[in-house]
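Undergrad: This is what each chain is made of:
Number of protein chains: 2
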Amino acid sequence: MKFTEDVFAPHMRPITGSAIREILKLCGRPGMISFAGGNPSNSALEPDVIARLSSEVLAKYGTALLQYGATDGFAPLRESAAEFLNGSGVKCTADTLLPCTGSSQAFDLLLKAMIEPGDVILCESPTFLGAIQAMREYGARLISMPTDSEGVIVEAAEELIRAHHPKLMYVIPTFQNPTGITLSLERRKALAALASKYGVVIAEDDPYRDLRYAGTELPAIQSFDEEGWVVYMSSFSKYISPGMRLGAAVANPVMLRKMVIGKQSTDVHSPLLIQAIIDAYLREGRMPAHLARIRADYRRQLDAMLEGFAAFPAGTKHTVPEGGLFVWAELPEGADGMAVFNAAIEAGVAFVPGTHFYPEGGHENTMRLNFSMCEIPAIQEGMKRLAGVISEVCR
Amino acid sequence: MKFTEDVFAPHMRPITGSAIREILKLCGRPGMISFAGGNPSNSALEPDVIARLSSEVLAKYGTALLQYGATDGFAPLRESAAEFLNGSGVKCTADTLLPCTGSSQAFDLLLKAMIEPGDVILCESPTFLGAIQAMREYGARLISMPTDSEGVIVEAAEELIRAHHPKLMYVIPTFQNPTGITLSLERRKALAALASKYGVVIAEDDPYRDLRYAGTELPAIQSFDEEGWVVYMSSFSKYISPGMRLGAAVANPVMLRKMVIGKQSTDVHSPLLIQAIIDAYLREGRMPAHLARIRADYRRQLDAMLEGFAAFPAGTKHTVPEGGLFVWAELPEGADGMAVFNAAIEAGVAFVPGTHFYPEGGHENTMRLNFSMCEIPAIQEGMKRLAGVISEVCR
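Protein chains in written order, with the numbering used here: chain W, 1 to 395; chain V, 1 to 395.
Chain W extracted, bound-state conformation (with noise of 0.2 Å):
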């Protein structure tokens, strides 16, 4: 018998791989400027300091580091990391903290934990394409909530729990991918008493939390959570590495040990090596400088990006971010999107299409725009040929 799709669950079929990735490959052209990843800049990462760490914790723990771990984690680490995400007004312990692959593995073990086919979820929209991925494999329905410019509008959102009874809802509050928006305090105490209120659970995504330019630092939503009903997940992907994966997720410890079950048939634990290096970068004492580094370059990026608009046509909107990697445009309503697309990338000008963040399609005049990827100087020159495309297309 000839193999077939038909072994595939019915909720896997349809779904064909990340459309960001395909446009990263285009980004691999000669003299191609690139908005449209999300990683860090080149210069905040740290090769030699990781290989310094990499020895010295070869050293010190010997095999204890190469021989099976716990699943809930290498022990320092848990430690190091709740401080770290205590000192940004996160509560938890050692306890209620869980190392995982990335934070993209924490999201995807509460979906394990919790989601089978046909379950309700509200997510924000546009909303991290990876995350509405990883929602469709556990065969989630996706439903989007209403936002403005201070993020969720939380009367729209406790509407849709009456009438939809979703089991979560995905929000990323801080520096929003795509948006780059933030979720007013107001809205993020008022998120914290729905989910209360209704048996909700909250995935509060946040790896964007401490690379803010401007503005004051917001508690997150599960400084709110009074029962136990949010789980944080957060990154050292934008801090330190993305190619390290290594993230956390902080539950409730009923909630915390089921996400240990199902990490235990998932990868049985993250790599322990990359665990002892990233507990050693924090116990060093190095984020609070290196955060300070990144940050002060990343704000003048994200100044010359803003900047570069003013030569958009004029019915352009974009979001002003205090922080994070994405400022989101709309050109005006019934712009061709995929026209502008192809023209920018004939121009040397890369970016992702905002359609691809909406769990519903559409909205195709629409852009997510990267700068934490290029130096200045490449930032106003993609702006310029960005500019050009979008006059000639729209005009």
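Misleading hints may appear alongside valid ones.
No copy is singled out in the list; a pair is fine if it fits within one copy or between any two copies.
[Stated by the list, open to error] In silico DSS-like pairs for lysine-lysine, Cα to Cα no more than 25 Å straight-line:
#	residue 1	residue 2
1	K167	K91
2	K197	K91
3	K167	K189
4	K384	K317
These are computed hints drawn from the structure, not numbers from a lab.
Given the structure of chain W, go ahead and fit chain V onto it with the hints provided.
TA: Below, chain V without anything else, positioned relative to chain W:
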């Protein structure tokens, strides 16, 4: 509203975690001789080599190792790992191999691609308890295939396929965990033919293949598969290091693509530093001499354990594996395994009661004994303690 376990998916609620992990906690007691784990010997691990390779790859690849990588794996490793598996008689190329965060993840991604709650999976009984848990976490219904000293009985498997229409068959063909039994050549061919005849995917879990101490190497089931029904899973855990969490899946391109899509949202990719270290390890040509050395040690440890059975009460049966890490013992029918286990812990020797490896439970008179983690004098002493305990309890 108080947080409640009602938020969990129904099939996740009864899953309470790995029994072995609880037993391993007892093994930390002073003086305890442990036959319970499945770890490599500490003397098989090479922290100095790993530290050197880590520095070398970070110097060679720089920031590229710290940025996001491709979900389908670090390209040099896909090549070197495919070449390594070719040497073991597995049909694959860089393009049909997916590096995973342990072979546990390979199986998890296969389940994610294929299984929805209620689907049937055939498995050996007893089988690897991590796999039992993984299958249950996707809501699969497990049906045990009868086995004998040559592994799965093919005619019985065929009857079960006709009766239950499974999507998947999970098999550990070489030095099986927990029994140490190896599937015969004829049955390997027959299972491959069965998969193709009925359109059942075989998950061939083969992490011990290169730990052979006697007998002749057998081709993988996958080597007889002409139509892509076998997914082959390998691991560097037993050869280089379990703590580094690196394994691989080999599958037909359509299946592999769906597993890559699952991996995009599970952990995006396995840590690049780990992939690069294992790649460098393979490219330095370290594996043949390393495997020869650990095989020589493990062979002596296995022999010491097998000799220890001479002092066991009459009526005890045990396997005589040609490789791997485990020996399986059956006490006389009706022996109270829990009483033996408790008395053994009191006497300072630990093992895993065999009942945990049966999807349906029962078989309280069985035990899994690992020999790789103890030096020969400890194996001799541990077997003596066990013989005493069993004679006492089964009297």
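Undergrad: Determine for every hint whether it applies to the structure shown.
TA: How the hints compare with the structure:
1. With identical chains, the CA atoms of K167 and K91 are at most 25 Å apart within one copy only, with a shortest distance of 23 Å there and 44 Å across copies.
2. Only within a single protomer do K197 and K91 lie at most 25 Å apart by alpha-carbon distance; the minimum there is 20 Å, versus 56 Å between protomers.
3. When the C-alpha separation of K167 and K189 is checked against a cutoff of 25 Å, the pair qualifies only within one copy, where the shortest distance is 19 Å, while the shortest distance between copies is 47 Å.
4. When the C-alpha separation of K384 and K317 is checked against a cutoff of 25 Å, the pair qualifies only within one copy, where the shortest distance is 16 Å, while the shortest distance between copies is 79 Å.
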